[in-house]
Amino acid sequence: MDVLVQGALTSAVIALVALGFSLVYGVGGIVNLAHGSFFMIGAYSAYAMSETGAPLLVSAVVGVLAATLAGVLLERLVITPIRHQEVAVLIATLAVAILVQSGVQFFYGGLERQLPGFVSGAVTVFGVTLQQTRVLAGLVALVTIVTVLLVLTRTPTGRMVRAVAQDEEASRLIGVRPERVTLYVLAIGAGLAGLAGVLTAPYGVLTPTMWLLPLTQAFAIVILGGLGSIPGTVLASVVVGFLDRFVAFNVKDGDIKVGLVTVAVILATLVLRPQGFLGKVAR
Amino acid sequence: MENVGLGVVAWVTTARGWYEGEHMLRKKWAVACTVVAMSALAACGESGGDVASDPTTGASAGASAAGSGETFKIGVFGPEQIPQGEDVRDGALLAAKELNAKGEGPQVEIVFCDSEAKPEKAIACITKFAQQDKVQAISGGFSSAETLAILDTVKRAKLPYVSAGAAAPDVVKGVDSTGPGKYIFRIGPVNSLNLAADMCLTVTTKLTKEGFSKFGILHEDAAFALPLVEFLNACLPNPSAATKGAIPAAVKGVELVGTEKHTPAATDFSAQFKSLKDKGADFVIEVNSTQVGIQLGKQWATLKPGFALGGINVSGQSSAYFDVTKAVGELNGPAGIVRAAVSEKTIPFFDAFMAEYKRDPLYNGAATYDGIYALHEAAARAGALDADTLVTELEKTDRVGVSGVEKFNEQHDVIYSATDPKAGLSLLYFQYQADGSKKIVYPESLADGNTYQAPPGVTLP
Amino acid sequence: MSSTDRVLSVAGLKVSFGKAQVLDGIDLHVDRGECLAVVGPNGAGKTTLLRALSRLNESTSTSIEFDGKPLPDSAYATVMAGLVHCPERRRLFPGLTIRDNLELGARRLRKQPDTKAEDLERVFSLFPKLKERASQSAGTLSGGEQQQCAIGRSLMGRPTLLLLDEPTLGLSVGVKEAIIGSIQTIKDAGTTMLLVEQDVNFAFRCADRVIVLEHGQVAREGPTAQIAADPYVKQAYLGVA
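Residue numbers (the numbering used here), protein chains in the order written: chain U, 3 to 285; chain Z, -13 to 447; chain A, 23 to 263.
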């Protein structure tokens, strides 16, 4: 039961970060190594606002907006000029990630920071006692993901985004500007990652290196789920989330081995089914 | 760990990508994976990142020679980004300020170097001290990882080093007064085996009296913790044998039901809590020294897993800890310090530190403070600043420090005779009260009538 | 002939890929309601011509007038101006349903009064199979149905000029006939077309005029009957000695 409840919550938050990463790759063909930085920017911006005494909700909104704005700036200033040179995009976005880390370190030092939660205390769900902040994060993440999926599948805008992902040139021929769609998707993906940062900050810690784990998780999920596949991303997030909790609860010193087991699964995926779960089918 | 793993994955992907190479998509991902591999590996060695800092930050306490003529230059290093490292720096600066104000003996100049919690940076600090700053002695250091890393460099530099932030037994391994390790001293914290022995004593003689019988251990996967936990594992079931009779046999049977560990970066302890609870633990002994303790305490206080918590939680010594965690009933010891009359120096030190920096000191702030004093007293006694003379004088140290009467044994390791030397080990344990105050509960001689209270959600038989 | 009846007029269109001159000074025009077919061997530059016109490829030219104005430079603006390109190999969005594919074709009209429902009915009456399978994803269709869907998607944009690239490529004879029939229906309904086709017989059946493109240049140009009767064309393309 612990694994089920906690796995669901963990999966939802992981998926929030991975979804944006996957969408940006699917739509723009961009592997954005600065994606984890949006997670960090969201968390630190919310922290900075709450330090000024702003209400928590305002801080959280500012955190998400700051991450979104960072996404727009990244697209306009860094990615656009070099969009069609894949290696250059990789190196430039990695450089941005390191720059953001240095910036955070400069302003806040390496000291771990704490963001207060919207809620405190514990709650028992299906016999499992959990921190309320964690439950809230999981629920908000879940609702957001469902919303994003509905927008993608049920609205004209979502159809347009999927069209660009499936055939960029054909989308140009029906009057879509893929560059703009990429910008919007990157901004929204950044906002989603920022939201994940804001949501997890109350039960995690803020450090200048907090961008790396979400990025590597998103990377792993995208490999596992199939490159650019949205259903694959969601499915892989669930697998990684549950696996993470299953190992933590059922393996001796599982907490320490979680990363290794996840990596082992990814290795197995690459060897046995390099296209991932839904790699070639659903793109 | 997972960074390395991911790096491996990435390289395998790369290899596959280039090998199969027929598909542009895969090629693109091969490049992506290569870059991530590099970044993962890079970030692996760079947990703290680069921070712009002046290596001589805080070197303001120095002054031109007054009285004796020569300035005593002491290199101090620690990870400035975390409270543990700030205390190393500030404890040293406070000592220097006081000493220079008194004007007896040589003037002290502190040269601080930021080790960024990275062993390789700590080594670079020592090299810089020796070659560039030309210091006469070294103190500070936080974490056994960085302290153990610098020892060879210290031996080669032949500079007295008074360690003030590492509990691992190996810090003084092979040290004696004539060998190459003679420059190494430890003024605090107590060797982790002694800490472990003290915890074992407390558990078997004190906590059992409170009604606890089933103990679990939850420790950080860190250099200082491992020998400590190993010792506890042997000692709790059979304290008398493990301590060669230093601890009497337990009043009643103590059962060790399970041991769990967590990474220094862990944010979720629910799996460990559940495992220990399922095994029937009624008291969980925590052992951690980094910021991870904050989340641990917070989750314990929030989730109320049904067992009491206590042990070494260095973050838990900080004045901001309770505001974040609300960990009512958490027991903290034996590595901590509290504003209490442990020695005649304890309360004045606390008050001076509080006045200067507006926060409570951690254990290593006190230890570095004592380290600077011990070095200065040795220099003053000897009237010289050369390394061999300083070492000889340091060995004669017998002073009242913040944590008690400080002497070095033949391994240059500190022995506190804090309150009552005949009672053997008796370090401090305090418990967080509902109002956030820290009340000493053990040893009784310092407890001022306060007694251990079961935390919320825990019922004692 | 008034200028409004001339939908497209191209002068001196050149495209090069690196050192290869793929199109070397093409002049052509398309009049309103007309179907101009471009035929020629593989590699003559037929597809490149269409891609240059819809601004997917870089090109240079003396002038290109579209619907009385200079043709815009970007693919987006070209589509918005009414030049709709139905590309080679259909290029549907395979993960989207047929209805979604068709409705996306109406995107260029999004700022105008909504004609989507009406146009959708027209496409469905032209291609009844698509109506049956409207909520099936486009990737599951047969080749002929995909071609129908692609043409339907282009029609949804109410093109001023429809560029149609190889609509019968890879289709069996029966399916080809059906496509030819519907293209004729579309033409009869008044849609102006520039048709690129390898199957010369088919092209001749649909076209009012024909251009023969060889080595990036216009080799022959004229009304269909005249080109069909040309001895060179007969020999090279119709297999008649």
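Keep in mind the hints are simulated off the structure, nothing from the lab. Small disclaimer: the values here were computed from a predicted structure and weren't measured. Misleading hints may appear alongside valid ones.
Only pairs whose alpha carbons sit at most 25 Å apart, straight line, appear in this in silico SDA-like list of lysine to any residue [said to hold, decoys possible]: (1) A:K138 to U:E171; (2) Z:K260 to U:V207; (3) U:K254 to Z:K265; (4) Z:K260 to U:V241; (5) U:K254 to Z:V391; (6) Z:K263 to Z:E216; (7) U:K254 to Z:G292; (8) Z:K260 to U:G119; (9) U:K259 to Z:K195; (10) Z:K260 to U:E171; (11) Z:K265 to Z:L242; (12) Z:K263 to U:E171; (13) Z:K200 to Z:T437; (14) Z:K195 to Z:G167; (15) Z:K83 to Z:V391; (16) A:K209 to A:Q220; (17) Z:K260 to U:V60; (18) Z:K200 to U:F251; (19) Z:K290 to U:F244; (20) Z:K265 to Z:K230; (21) Z:K263 to U:G55.
Do the hints match the structure? See the list:
no. : hint             : verdict
1   : A:K138 to U:E171 : holds, 23 Å
2   : Z:K260 to U:V207 : holds, 22 Å
3   : U:K254 to Z:K265 : holds, 13 Å
4   : Z:K260 to U:V241 : holds, 22 Å
5   : U:K254 to Z:V391 : violated, 42 Å
6   : Z:K263 to Z:E216 : holds, 21 Å
7   : U:K254 to Z:G292 : holds, 21 Å
8   : Z:K260 to U:G119 : holds, 23 Å
9   : U:K259 to Z:K195 : violated, 37 Å
10  : Z:K260 to U:E171 : violated, 54 Å
11  : Z:K265 to Z:L242 : holds, 10 Å
12  : Z:K263 to U:E171 : violated, 59 Å
13  : Z:K200 to Z:T437 : holds, 20 Å
14  : Z:K195 to Z:G167 : violated, 43 Å
15  : Z:K83 to Z:V391  : holds, 22 Å
16  : A:K209 to A:Q220 : holds, 19 Å
17  : Z:K260 to U:V60  : violated, 35 Å
18  : Z:K200 to U:F251 : holds, 21 Å
19  : Z:K290 to U:F244 : holds, 24 Å
20  : Z:K265 to Z:K230 : violated, 29 Å
21  : Z:K263 to U:G55  : violated, 39 Å
Violation of the numbered hints given earlier is confined to hints 5, 9, 10, 12, 14, 17, 20, 21; the remaining hints are satisfied by the structure.
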